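K.L.:
Numbering (our numbering), first residue to last: 571 to 616.
These are computed hints drawn from the structure, not numbers from a lab.
Quantities reported herein were computed from a predicted structural model and do not represent experimental measurements.
Possibly wrong hints are sitting among the right ones.
Below, simulated SDA-like cross-link-like pairs (lysine to any residue); rule was C-alpha separation at most 25 angstroms, straight line [claimed, not checked]:
| # | residue 1 | residue 2 |
| --- | --- | --- |
| 1 | 594 | 606 |
| 2 | 574 | 608 |
| 3 | 574 | 606 |
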Amino acid sequence: MQDKTATLRNGNTGTVVYESQFGKLLIVEHNGDELPPTHWHNANGS
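Kindly produce the complete structure, drawing on both the sequences and the hints.
P.N.:
Here's what the structure looks like:
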């Protein structure tokens, strides 16, 4: 899988770093912090 960029609902961008076999996306949020938060999202954006 190639790294993909996504715009999150809070307006920040993030990079999809992993997609599970169930379609969940692990996204690293770009917010300027040294240790950026990570989030699991469904592929449909929820």
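K.L.:
Evaluate each hint against the coordinates.
P.N.:
Results for each hint:
1. Distance hint between residue 594 and residue 606 is fulfilled; the C-alpha atoms sit about 19 angstroms from each other, no more than 25 angstroms.
2. Restraint check: the Cα-Cα separation between residue 574 and residue 608 comes to about 14 angstroms, which is no more than 25 angstroms; the hinted pair holds.
3. For the proposed pair residue 574 and residue 606, the alpha carbon gap of about 16 angstroms is at most 25 angstroms, so the pair holds.
In summary, the structure agrees with every hint in the numbered list given earlier.
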